[in-house]
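Trainee: Here the protein sequences line up with chains A and B, keeping their order.
First residue of the first sequence: 488, per this note's numbering; consecutive thereafter.
First residue of the second sequence: 104, per this note's numbering; consecutive thereafter.
I should point out that these hints are in silico values taken from the structure, not numbers from a laboratory.
Be a bit skeptical, because a hint or two may be false.
Computed cross-link-like contacts, EDC-like style, restricted to lysine to aspartate or glutamate with a CA-CA straight-line distance of at most 20 Å [unchecked claim]:
#1 A/K715 to A/D558
#2 A/K495 to B/D305
#3 B/K325 to B/E313
#4 B/K360 to B/D269
#5 A/K628 to B/D269
#6 B/K218 to B/E313
#7 B/K171 to B/D154
#8 B/K382 to B/D182
#9 B/K382 to A/D714
#10 B/K119 to A/E666
#11 B/K360 to A/D732
#12 A/K735 to B/D269
FRET-style restraints, in silico, Cβ to Cβ [to be verified]:
#13 A/F513 to B/R167: 50 to 58 Å
#14 B/V279 to A/A731: 20 to 28 Å
#15 B/V339 to A/I754: 54 to 62 Å
#16 A/S541 to B/I314: 52 to 60 Å
#17 A/P689 to B/V279: 17 to 25 Å
Quick reminder that beta carbons are idealized off the backbone N, C-alpha and C, glycines included.
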Amino acid sequence: MKNNQNTKARVSLIVTRVVVYAILIFLSLLCLFSFYLLIVNASRSNAQLQAGFSPFPREHFLDNLRNAWTDQSINIPRGMLNSFFVAMSSALLTTYFSALTAYGIHAYRFKGRRAAFLFIMAVMMIPPQVSAVGFVQLMYKLHLTNSYIPLIIPSIAAPVVFFYMKQYLESVLPMEMVEAARIDGSGEFRTFNTIVLPIMKPAVAVQMIFSFVSSWNNYFIPALLLDKAEMKTVPIMIAQLRSADYSKFDMGKVYMFILLAILPVLIVYIILSKSIIRGVTSGSVKA
Amino acid sequence: MKEDKTLRRRGVSYAKWGYIFITPFFIAYICFTLVPQLMTLYNSFFENYRDGLKQVGPNFVGLRNYVKLFSPSKSGTIDMLKYFGNTLILWLMGAIPQVAVALLLAVFFTSYRLKIKGQQFFKTVIYMPNLIMASAFSMLFFTLFNPIGPVNQLILSAGWADKAIDFLAMKVPVRVLISLMNFLMWFGNTTILLMAGIQGIDQSMFEAAEIDGASSWQVFWKVTMPLLSPILVYTVITAMIGGLQMFDVPQVLTNGKGTPNRASMTMVMYLNNYLQTSKNYGMAGAVSMVLFIVSAVLSLVVYNSLSRQYTDAPRRRDRL
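Just chain A, with the same shape it has in the complex (with noise of 0.2 Å):
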């Protein structure tokens, strides 16, 4: 009786195994496949990708790469180097100074700390959609239209970072250390830039990931403030490759366009890809 019941137990323990595997591989090929797609499609000439679906990648690889890095009307190394000193600037600074406003609320006693604290939480979660009429409007009358300035500066103020930065802190800074610092005569500028961020280099480390990729991937607001070709990023150049007429296009060019838009994330996530993951759980509400 007792062994029967042991079997039964056993055999659908293995069932829902393999349901529970058969749905994980289901949802992992759904959202590799059309990446996969992609990468085939960017290794076939517009002859081939004319002449059907094929599921296997062709020779054409690196003549797609040229003839999209050499594009006339959409300069894509030009774009990329844009996105990229735009997305590097703004994540040091993100990471920076949500770091030192998240010190200096933990650290400190002072009046309106708590104040500032509440203030802080209670912003972090709107989007920046909501202000970007006046926001479009103040970069308009200051003449930074067409400038990073616009796209770089505000991220020195990010609530969401700070918010991280502010439980890492709470979780991994031990205030005798910074007391040992004091009593060496280290000024307080010094104590955050030589040991407390040095300890919350883990935590530095996946807000600059985060703050990149956001800044890489951002269209509403630079497309909103960049028309000057020189200036573009790469999501305004992909939103134009679909504002123009895709039947006279070469489309091994348009696949090895939005491949080399999201390499760079691509590449960075395959290599930090546990850190990364790791990071997303962090800076939410807790049980």
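Could you slot chain B onto chain A? The hints should help.
Mentor: Leaving out everything else, chain B in the frame of chain A:
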């Protein structure tokens, strides 16, 4: 308390450093978010747009922009409500499967009975679409699903249809594609958040339920769900705020037109049209303020759940 004492040793007050360290953040916030937000509000009371080469306004019109926003257009529909409805439908079509699948996967991954192998691999794969440039992802779907794209080539060569299907000219397929992309981009993220939530639940709860002979189904509904609910609420509300911002995917897929017949036009696309195409700052301001109010209400829920973390737990009281 202990912290306070050490900080004030030797009678030195470090309070001014607190102000110095948080100043850059607040200056940047005020200049680039608060002032623009007030300017947006101010704009919403003015008539201010470009008509061809002619600039109209700015003239003060009171609440007329808001009245116009909520009155029927020539075709008899209230555009604002139509686009709000579109945004809601598109969001729901993506978010319901997103949360359901994420919940399922989170339970799978954390189940000690199932002991799923290769978790890191699965998590890496399902999270990946979240980091991909939304406009590029959307452009990719456009190239795959347009009338001369590979999907149609496949349909034609298999003989499932006589002529190419223009998915992008049909209401339901366009909405399905947009929601599918949103689903793919976000379910991995939600899975990871919910997993962390389940792992945060006291394991002895599950063990006790097990000893009492509860089935997996009962454990899920009677233990996991009630204890997970704060995180689930947080996840759903933040997803809602994200959904409200839906722009890149439908914008690129439909080339900013919200085809067919504006059935996939979202709120932010509407805002973008006023800002980009007609430079109508007055109407754009009014749309923004409506969006602001909706997101502020939703934010309040998130704020409450986050601040509870800081004020309810007694052991944390001395921190703030």
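Trainee: Does each hint fit the structure? Answer for all of them.
Mentor: Now the hints, each set against the structure:
no.: 1; hint: A/K715 to A/D558; in the structure: holds (17 Å)
no.: 2; hint: A/K495 to B/D305; in the structure: violated (29 Å)
no.: 3; hint: B/K325 to B/E313; in the structure: holds (12 Å)
no.: 4; hint: B/K360 to B/D269; in the structure: holds (16 Å)
no.: 5; hint: A/K628 to B/D269; in the structure: violated (44 Å)
no.: 6; hint: B/K218 to B/E313; in the structure: holds (16 Å)
no.: 7; hint: B/K171 to B/D154; in the structure: holds (17 Å)
no.: 8; hint: B/K382 to B/D182; in the structure: holds (18 Å)
no.: 9; hint: B/K382 to A/D714; in the structure: holds (15 Å)
no.: 10; hint: B/K119 to A/E666; in the structure: holds (16 Å)
no.: 11; hint: B/K360 to A/D732; in the structure: holds (15 Å)
no.: 12; hint: A/K735 to B/D269; in the structure: holds (17 Å)
no.: 13; hint: A/F513 to B/R167: 50 to 58 Å; in the structure: holds (53 Å)
no.: 14; hint: B/V279 to A/A731: 20 to 28 Å; in the structure: holds (25 Å)
no.: 15; hint: B/V339 to A/I754: 54 to 62 Å; in the structure: violated (33 Å)
no.: 16; hint: A/S541 to B/I314: 52 to 60 Å; in the structure: holds (57 Å)
no.: 17; hint: A/P689 to B/V279: 17 to 25 Å; in the structure: violated (40 Å)
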